[in-house]
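*Asks:* Given chain A's structure and the hints, the job is docking chain B onto it.
Top line first, the protein sequences correspond to chains A and B. Using this note's numbering, the first residue of the first sequence is number 1, and each one after it goes up by one. Using this note's numbering, the first residue of the second sequence is number 192, and each one after it goes up by one.
Careful: at least some of the hints might be erroneous.
[As the list claims (entries may be wrong)] Label pairs and their in silico Cβ distance ranges:
1. Arg63(A) / Phe329(B): 49 to 57 Å
2. Asn286(B) / Gln118(A): 28 to 36 Å
3. Ser461(B) / Ile15(A): 38 to 46 Å
4. Ser258(B) / Glu94(A): 47 to 55 Å
Calculated from the structure, these hints are not laboratory results. Backbone N, C-alpha and C fix where the C-beta goes; we use that ideal spot for every residue, glycine too.
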Amino acid sequence: MNKKVIYTLISLAVIFFITSLIIYLSSSGTFKRAIEDKKGKTETVTDSEKDIEKVKIFFLTERSYLFTPRVYEIEKPEDRLELYKSFLSVMLEEAPKFIAPYPEETKLQSVFYIADKQMIVLDFNEELIIRFKGGSRGEIEFIYFFVNNLCYNFPEVKKVKILVAGNEYKTLSGHLDLETPFRPNYKYFRR
Amino acid sequence: MSVDTLIESLLDAGSTPAASIYMKQMKKFSYFLIYFLLVSIRIFPLTINIRTFDHEGFTRIVFEGDSDFSYTAKRDSGKDLALFIRDTSGRLIINSDLSNSSLIKRVDNVSDGLETGFRVTASGNFDIIKNFILRAPFRVVFDIRRRETESSITKDLQNSNNGESSNKTLPNPVSDKKQRRSTIDVVCIDPGHGGSDLGAVGPGNTNEKDITLKVGKKLKMIIERELGIRVVMTRDSDVEIALDSRVAKANNQNAQLFLSIHVNSSYRKSARGPETYFVSLKATDKISSQLAMKENNSFNGMDGIPEDDDLKMILWSMAQTEFIRESSKLADYIQNELNILMNTKNRGVKQAPFRVLMRASMPAVLIEIAFVSNKYEESKLKNDSFLSEVAQSIYNGVSKFIYDYNSTFK
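Here chain B stands alone, though its shape is the one from the complex:
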């Protein structure tokens, strides 16, 4: 029996026109009532997107729902965290992106009687540092840290999202210096553009992609030779690689510095000189800087934060927020060295929302060696010995930064 005939049989339809109108109104109301009941028992599936990011000193796991949901968090061992979702009637869709974390291994579906959910499993034991809820979109966030000792295991963490964030904080975040993973032993070099993406092209047809690759290779050689540390290249041949894949590679390889090498171009033909950039929240908004502080440090959710999805999204995608100070310092060191090489006036380092830098979980800078749009600088960029000097100058800045960074561990 269809819903239509069911409703008609339930309603005793009259034969008069007035009764007929009444019956139609009742029919509409009945449809609405049935729809409301079906929605309220959640016939539509709940979709949860799971993202993970390695930050300095901790890993963030984000469970983002397409609508609000109630949950219970449980731990069966030091390596896992299970979230059971209430009232889903089994209709739960899970999408996971674990590519930005070296700690989280996999996500599995689990069932516990009436409730269904999923279990996140890590490669080693971990502790939950903090857990909070963010809204618009609804997100449950756990910050976890790989356990150093077995003494601080916490089991059976029970949380519910009754409007309050859970303050089951384990050890307080330690100071910046202590949160660092180690001294720098992996550097990622990102030669900009490649393949069909030529990058900027000079008036003499010099392609940016070729210059960046040459400088990247030279820089790799110098760093490995002089410092004996591992260098990861996002590309070492003429291939096109998406921006997001470049930074994902750096994050996955646990690189501790990210150097994106580019050649500049402007519609101002007179524009010249090196420029070194780093991402700054100030480049997008002052308020977002405050939001960053809240999202990165708060144990109490996002109270008082304006309803601005764009700002929240900026913050959410910006793993770089924690490394701004170090990125600025690195940019400054490199810019000074390039100014000396090219005898240019110091206009300081610059800030802008660069896509390739935003998601880097490490100090990250973008170096624009010179302007290929400027005929004089283009002629220099064609000279291989000049490119060697550029690589040496970048190395000088990087090595100074690494020396400072590593000396904090002595």
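The shape of chain A in the complex, shown without the other chains:
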């Protein structure tokens, strides 16, 4: 066996190893996978070790002024708050692939759930209010992106309160009232 054949076999083995590693990591270690549900393409979930929650997240696109749904699967931790956080992580990670209705520098600092009020509190960093390019429509898109998606996927959540840097603001940029928690308004969703 000459050297050329040996090198080829070693290269193939390395490629096979790397490919296997990637497949293994992507199937067991990650918390989400998008499924193309609209055009009949579906992906079978093979991970049976962990509970999976199927969620529908509505995103803003250039094609429509209504939010458009995509289905995702996220790991389902026992703690509901952790589930909300996982869900929000997916929202924030996926939104830039569509249109993120908030400034790039926006960070979600903390998430709380107040059980007796059935309310999620989202606390964003100050960059949101400093850099927000809002009109009424922009504010509506930002607020209902979070409110509708959370209330739609988790029936126990009835309303969402938005804070900025731990503080309550009257409005984001002079339009919608932020002092009162928001309830969903699905008129902005393509269902």
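*Replies:* Just chain B now, with coordinates in the frame of chain A:
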């Protein structure tokens, strides 16, 4: 003698360890007992916040306590209403906000022997239409109406909050049409943003605040010229004015229409077209709509209403609830005119909880002329003749509404 030494002298302290432990327990209990007694005789002051709002056809006076209180209501004349609070030991703090009512003039502290309270005085004689109690937070509400004739004076109204609302209703509320103040003769135009608040900024650096002011001024000129009615501007120069002050100005000036003018912006670059909004309770919650009906119409308090402070607060702050139908109609008329001007598909009027509209005691809409975030529309917004056309279109919608509104009085 301090409370500490007083307690020790009252308790005969023993010398054994067991007696010492017993004495400490008794001491703690005594502190608790003294605290309880002091609280029960209300050493803490009672704070009452007084708010007033002019609504269509009546004025609402709200006395909100930081805890429940017992009271007696008395009237010495047709112009006043006094509330005497029981068991306050004179420690009563009153905060009043009368800025949203043209009828109520002032609030004074009064004393009547053992009881202290306050007197609300109006600029003219009034009748009490209804009186009820709301809870969480505890509120005593009076709806009053300026007296048209002297025949329906009611004196010495005695109420107490023994858990039942008082149904001392005077004349029943009349129909919607009759409750209206008059035909429309004052319109408030609110050019959005201003000063350091630029509003939305377009990709070509067009500032929303400049566009809204230009359109507002043009609209004012057309309305005054064509209809001969008074137009109040929340701002007529490049200054920053708080949202709540804008609507307070409209309420104080007794405006009968509120037009907030804005320029839209979205992270969707393709977003375009005019949008006209009005406040709707449905935009926040279906239940709150039912609550609105109860709070606005009920003579029997808030029985059966879920304990949800947020919803109640929404309703409480929403003077706009009574004008939803008219606001919707006004929004529809304006949106149709703007659709014709800009040749856009009618997506209908929209609803959202806008802060500037919520407290308006009149039909109120927020008009988003076009999207400054859209390059094509931004270029149009830079054109002064386009802004004149926008003002004319808004006027067309407004004048149609005013014609309909006023014709109900003919």
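*Asks:* Run every hint past the structure and note whether it holds.
*Replies:* Structure-based check of all given hints:
1. Arg63(A) / Phe329(B): 49 to 57 Å: 52 Å, holds
2. Asn286(B) / Gln118(A): 28 to 36 Å: Check passed, 32 Å falls within 28 to 36 Å.
3. Ser461(B) / Ile15(A): 38 to 46 Å: 43 Å, holds
4. Ser258(B) / Glu94(A): 47 to 55 Å: Check passed, 49 Å falls within 47 to 55 Å.
Going down the numbered hints, you'll see the structure goes against none, and every one checks out.
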